[in-house]
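Those sequence lines, one after another, are chains A and B.
Per our numbering, the first sequence starts with residue 2, numbered consecutively.
Per our numbering, the second sequence starts with residue 139, numbered consecutively.
None of these hints come from the bench; they were simulated from the model.
Built from N, CA and C at the ideal position, the CB exists for glycine as well.
The reader is advised that the hints may include incorrect statements.
To be verified - Here chain B is said to cover these stretches of chain A; the calculated rule only asks that three of the stretch's residues, wherever they fall, bring their Cβ under 8 angstroms from a Cβ of chain B:
id	stretch
1	116-124
2	305-311
3	337-343
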Amino acid sequence: MMETKGLNKVGLIFEKIDPREVLTKAYNMSSGEVIQNILDSGLKGRGGAGFPTGLKWKYAGAEKEKEKYIVCNADEGEPGTFKDREILDKVAYKVYGGMAIAGKAIGAKNGIVYLRAEYKFLLPQLMKELEVFHKLIDEIGFDFKIRFCLGSGAYICGEESALFESIQGDRGEPRNKPPYPTSSGVFGKPTSINNVETLVSAMMIIMHGPASYSQLGTKDSRGSKVFSVSGDTPTPGIFELELGMSVQEFVNEFGDGDTKAVQVGGASGFCVPRKKFQNAIIGFEGVPTGGSMKLFNSSRSMYNVLHNYLDFFAEESCGQCTPCRVGCQQLLKGVEKVKKGEAKSTYLNELVKLADTMKIASKCGLGQSVGNAFRTIVENFREEIIY
Amino acid sequence: MYQVGNLVKKLSDKHGRKRESLIPILQDIVEKHNYLTDEAMVEVAKELEISAAEVYGTASFYTFLDTQVRGKYVIRVCKTITCSMKGKEEIVQILEDMLKIKVGETTSDRNFSLIETNCIGWCHKAPAMLINEIPYTELTPEKVVEIIKGYLH
């Protein structure tokens, strides 16, 4: 039996705090101390990719360039993720606080929040809170200003370099990497781009200290995480949980008694079938997630789930690189053919190879991750795709 | 068609005439006139001193920068998995019946456009839709009738 942390609810992200106290503490630290705190906490990016936040800040901080940027990625578009909206709605001042602290760490004076178009309704309230926040950090002594940049409905703009292109007024097409954002990000300047939740976590680490934060979670997945729970569950919603639980423990809490699969990490994540619940850890050592947790019960057709995801990717692929543009369309057509009996079931093996090729050959994370859901759904629910 | 020259000048004064001003200008035109006409895009190109193809190329990349006719109220029904599992089809059906248009179309009085969209971040309260920027969640056909009635008056 594998050892897990069990399911523990945590209240860090939405905890009401006095921002003045935490920001004053951060202001009185050196940049190096701030970065060391985040490094020691073990915090990894909460948007899904899981890059160590402290390292990102360290790299951006080491750049000699005078003009640097902090970008908050609020282009939350992964199907099944809605925690960033809730965080912005409830504790925007902590997102701003995290940005100011990141600014202090890397030596940036400008912050940009890239907010997805679908969340535009939040903007008036966010602007009001920003005004209050600017006044507060002025009083403390920070030389830092935040502005908003609104998206226009493109999933790909959640990819960091596509997001920069969008801020710069261009089509949101991902760039080649390297150079990485920490040396050449928005406007070609050193940039730390962090997810909404990551920034709040960073502020809480400064407040409580890295030691207390890193007590939560596991060696590979420190801390807690906000999960967006939806699908066949009696209790859909937003829950902050300690990292390190198994999918089984998650299903025991959120399932409807008939859960046959959990899609961890959204359309670009992994499908975990019932027989693997027990041995799948939710975290970077097992199945990683930016927060999206979708439960499916036995009344659902996994063909429909897969078809819906492929349709999503075929529409949202930016079209720039061939493996992703053509690959998404062919995977979609391919499963339709198999379902209709126009292609043999062995054709699925060819499609899995195509998805694997996309993983290697696509330019960015979108095309590279289509194969995650494809492979895990086709492997575990092959009969449902064919018949 | 709408007169757009003055608006584009005004918006360029507000947002600037740099490349990064382009999307905010286009967003504001869409907010005021629901979509981007060819004429509007040509005016923006002149004002920012870039080619019209650059403007169209950028606008057409983004689903919220519509380059085809849209009504005053753009209804975007989420079609991603959870909304789809929780009754999206019924929602689309009642909207089509009420507005007498199909998905992708605009009413002849140009009041409403009905389109389907990808995940809008309300999966826990599915099915969901946006009307312009306002989200409506936990929809039922009855609820949709009431919401649309509110827009008809």
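So, going through the hints one by one against the coordinates:
With 6 residues having a beta carbon nearer than 8 angstroms to a beta carbon of chain B, the stretch 116-124 of chain A meets the requirement of three or more and the stated coverage holds. Here's how the stretch 305-311 of chain A fares: 4 of its residues keep a CB closer than 8 angstroms to some CB of chain B, so the rule of at least three is met and the hint holds. Here the stretch 337-343 of chain A counts 0 residues with a CB under 8 angstroms from a CB of chain B, which misses the bar of 3, and the coverage is violated.
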